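Quick mapping for you: the protein sequence lines, in order, are chains S and G.
With our numbering applied, the first sequence covers 1 to 511.
With our numbering applied, the second sequence covers 1 to 576.
Just so you know, these hints were derived from the structure itself, not from any lab.
None of the values given here were measured: they were computed from a predicted structure.
For every residue, glycine included, the Cβ atom is placed at its ideal position computed from N, Cα and C.
There may be inaccurate statements among the hints.
[Said to hold, decoys possible] The list that follows gives simulated cross-link-like pairs (lysine to any residue, SDA-like), each with its CA atoms no further than 25 Å apart: (1) K362/G - K152/S; (2) K152/S - F446/S; (3) K362/G - G413/G; (4) K360/S - D562/G; (5) K162/S - K188/G; (6) K388/G - D142/G; (7) K134/S - D329/G; (8) K28/S - E68/S; (9) K201/G - Q306/S; (10) K162/S - D562/G; (11) K296/S - F446/S; (12) K360/S - S241/G.
[To be verified] Stretches of chain G that chain S covers, calculated by requiring three or more beta carbons in the stretch to come under 8 Å of a beta carbon on chain S: (13) 42-55; (14) 517-530.
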Amino acid sequence: MSKYDTLIIGAGHNGLACAAYLAKAGRKVLVIEANEQTGGLAATREFAPGFRASVAHTLPQLNRSLVEELELEKHGFKLAVDSMPTVAMAPGKPPITITPDSLQGASAQDSAAYQDYRRLLGKFADAINPFWKKRPPMIADGDMGDLATLGKFGWNLRRMGKDDMREMMRMIALPAQDLMDEYFDDAALKGALSWDCNVGSKLAPRSPNNAVLALLLRMSGDLTGGLPLPAGGAGSFTDALAAAARSFGVEIRCGQAVEKVLVENMSVSGVQLAGGEQILATTVISNADPKTSFLKLLGAQHLDVQFTHRINRLRNQGYVAKLHLALDGAPTFTGLDSATGRLMLTPSMKYIECAFDEAKYGGYASDLPMEVIVPSLVDNSLAPAGKHVLSANVQYAPYAVKGGWEAHREQFLANAIDTLSQYAPGIESQISAAELLTPADLEQQFNVAGGHWHHAEFAIDTWWMNRPTYGASQYKTPVAGFHLCGAGAHPGGGLMGTCGANAARAILEDR
Amino acid sequence: MVLFMSFIIPLLSPICSVETSDKTLSSSHVFHQVIHHAMKSKYDAIVIGAGHNGLTNAAYLAKSGLDVLVVEKNDYIGGAAVSRELHEGWLYSNCSYVCSLLRQSVHRDLDLTRHGLMIVPYSGTTNFSLNGNYIAEYGDHDMQYREIKRHSLRDADAIHRYETDLMRYAKLIRHFLLRTPADPTSFKPRDLGEMMFMAKKFAGMGEEQVYEFIRFMTMSAGDFLDEYFESDIVKALYSTSSIIGTALGVYSPGTAYVLLHHVMGDVDGAVGAWGLARGGMGAISNALAGALQEHGGEILTEAPVAQIIVKNGSTTGVALEDGREINADIVVSNLDPKRTFTKIMDAGDIPSDLRKKAENFKIRGSSGKVNIALTGKPDFPSLPADHKLRNGSFQFLDSMERMERAYDDWKHGRWSDDPFIEMTQSSVWDPTLASPGHYFVSCFIQYCPADVEGGWTPEKRDAFGKTVIDQICNYSPNFRDHIAHMEIRTPFEIENEIGLTEGNIFQGELTIDQLMFNRPFPGYSQYRGPVKGMYMCGSGTHPGGGVSSACGANSAREILMDLKRPNVVPEDDVDE
């Protein structure tokens, strides 16, 4: 008889959140993590002596209910900044500061349009927010709960009123470029606002069908309504989750990779570790991406051909690189007193599109669109006194770069630093260490196949009941006792623990 | 000309008198009578634009007993479904060039065969590769399997699955072509009924297929094809329908639907097949005009409309550019939505949000045409001279990447040095288009920008044409030697002649934000305009572009409903 009834593969934020909820409900849970540290892509790691950063660096989607239910604040979670402004940068032009409520530095026309834009998006977000935190329904074969979810979804749309409902059904399909062009004039403002429409996916401002959905996912957080920055890096969130999980009785084993999931008579019986040790349990939940979960850990022999085909076809190649720089002093960005916001080095949507054009064919641009923060300006635990950490998401870095990343790493890093120096002249002389994590690195270091932020492309064709695919969209899979709780499940990527929490609820309801 | 007449004389319908203008030659056997002065000062209904949807709309209104006038700015009818003798001895389908979407039930109901319409099915597309190889598309399944197997056994095995899946979606979507889209925000019994109809058809596919369809509708053609095939040239062959007329690349989400839009038609019930109208595409317009006139409708050409007149919230007629006013309580615009609401309706007559919607309407020019009269049959060395495929249509594309790169050029406002060309050898299938030994070929080019730096000039237009011919000569070195005449059409020419804004062939992009209940704008998808008595019937409305007659027919049904007259518009044929 095993000590555990539930095993969770991977101690990322979703695995930990799922573990905490299940243990809180009385399950005996073991979390098995291949790395030495919990937290997955959110872990705060030392990338140079005294300098710390985490791959995921902000928490826009974090939900208050999760923080409260798991008592994360008791376990050390706190915010360094409640709501960080976003700053649209363009060389030779004064920056525009974007907050959820207003624009500063923009034209009167754009500022007025921003109010309309936020009002409408806010309304859309309110209508669909409950559904991020719910199990996706089944359309034809669903149970009463699914029917209720679908009914409520329809009702929430209708409740917006005719005009807004119509606008939502049109706008949901607009590419970022058309959406922004309908509202705004300023190129840099449009570039910055379009970033969240596509970041992490193989999409760009001209790509239809994704922009508004991605914005709504970003707006699903309710911790502050803005862009929060956790104290101690994003890892402090996962550390608090781990501590909360442990307080509910969860056991976490790090440095042990699961080699395969054991199946007997079409039901899960446990896992086998890389060393050969077998741990038995009737429920195994994978926080790994769907391809790794089904094809590597479970094995296609346990799945029907159609299902395997649907997993195989998931698009999971990452297009974002992460850059960490150790700086000898605070960087000086032209036009800014202090770089305390989220700085968008995206002077126009065309600039982003051009970078995407290169990446489509396996290359990368010389001018790279970037999202930059300097978290050490507001959190001195991340760098030695007087020194600073710069953390940036850099697009587009194709997973399958032609020639392989080892041949291109230096050039890409040089391009990124060149781009930075257009906005912060002289920054290159402040750099004492640099870490570039390409999608290939993310795959290798964090066991995310394809190095994709969202584990599987976040797009409308892999959304809700299609996430990750039919037959696995309700956190269950065709193999009894095998479940998903990672970003490949609904609602998708982004540091929030919602996939894990939803999975835990679905698993508990199922029994 | 005598040659063409010899085909038509035996079939002349007694009800129609004959008039030919020197610029227009119809080879079909029914000629329309055009008038140069409206006979009356007031009609029951005026339809603006004698394109195929306008003629269909007018024909149904006339069939219902209304007194109908169609006004047309050009001196010929047909809009983008025309046959014109642009070089003596050759008849050009110089805009649309093939036919599949035309609703069979409209064809039958308006008796278009008697009015001279004959659709000739054609098949056999050869897609050439730069290395001398090719891949062909055959109508026969076994031939297709063997052909794809030459390139990839895996892809040959996938073809059945691919065709089955695509046909399943086509058969679903075909239910909705001759129906008015439901307004999902409405609680009216009719809208709820339509929603139920739609839900039933969807659910009828089964749980799994519902998801597959949702995915399909929102994804890119490139991703869709990648799921079935591994060979670049196989994917290239099937990808071409996904971007025809579309300002998107093969890897842009939403293009899988455009692919479907090109296989959801049929020729005589053979879903997915394409045909040619004998006598050129103008034969369709002429037959529709014949049907219209049989029911007493009139057509006034060379009568561009300056404005739709609105008084006290109702339309009262149209004002022509020459100052004439013609009255009617019903005015139907077959012009694209942008043109309708920004050019021929006064901003003060329509709600301001509608004006904004029209300005934001996406109607992007992305296609060009080069129509060529040939004095001999050019060689395509990859194919033996007597090969059956020599008679089919030709494409020149090795990989989707080449197409995507051509799209990148378009995005940046230039045409590609490596354009995608679909060459249809129309006269091989329809001998009425050229004399023996002569050929008419229609080349469709993707992509061609609506505007280039400094604007389009005749020199730039010719340079574009040269790029196209150079591309063809990469595969047929002696092609240029056979050219007797060619007509080069960039979006600029298409807009100026046909009136399609930016030269967009679909009267508006076929993206989800402009399809079904969103077409042309949310809240205006049921063919009714913003003022009483004003309607839309062009391809800018549901179900969108293509020579389908569906927009015109659907619009007529709504107008008759508002007038409380019995419906005369047929239901669509139901696939078994």
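Status of each hint after checking the structure:
Distance restraint check for K362/G and K152/S: the Cα-Cα separation of roughly 32 Å exceeds the 25 Å cut-off, and the hinted pair is therefore not satisfied. For the proposed pair K152/S and F446/S, the alpha carbon gap of about 38 Å is over 25 Å, so the pair is violated. For the suggested pair K362/G and G413/G, the alpha carbons sit about 16 Å apart, so the restraint of at most 25 Å is met. Proposed proximity of K360/S and D562/G is contradicted: the alpha carbons are some 51 Å apart, above 25 Å.
A hinted pair counts as satisfied when its Cα atoms are at most 25 Å apart, and K162/S with K188/G qualifies at roughly 13 Å. For a cut-off of 25 Å, the pair hint linking K388/G to D142/G stands: about 16 Å separates their Cα positions. Between K134/S and D329/G the CA atoms are separated by roughly 53 Å; this puts the pair beyond 25 Å, and the hint is violated. Note on K28/S and E68/S: the hinted pairing holds, with a Cα-Cα distance of about 22 Å set against a maximum of 25 Å.
Between K201/G and Q306/S the CA atoms are separated by roughly 23 Å; this keeps the pair inside 25 Å, and the hint holds. The hinted pair formed by K162/S and D562/G meets the criterion: a straight-line CA distance of about 22 Å does not exceed 25 Å. A C-alpha spacing of about 15 Å is found between K296/S and F446/S, which places the hinted pair at or below 25 Å, so the restraint holds. Between K360/S and S241/G the CA atoms are separated by roughly 21 Å; this keeps the pair inside 25 Å, and the hint holds.
With a cut-off of 8 Å between beta carbons, the region 42-55 of chain G has 0 residues touching chain S; three or more are needed, and the interface restraint is violated. Remark: the region 517-530 of chain G is confirmed as covered by chain S, as 5 of its residues place a Cβ nearer than 8 Å to a Cβ of that chain, reaching the required three.
Taken one by one, the earlier hints fail for this structure at numbers 1, 2, 4, 7, 13, listed in ascending order.
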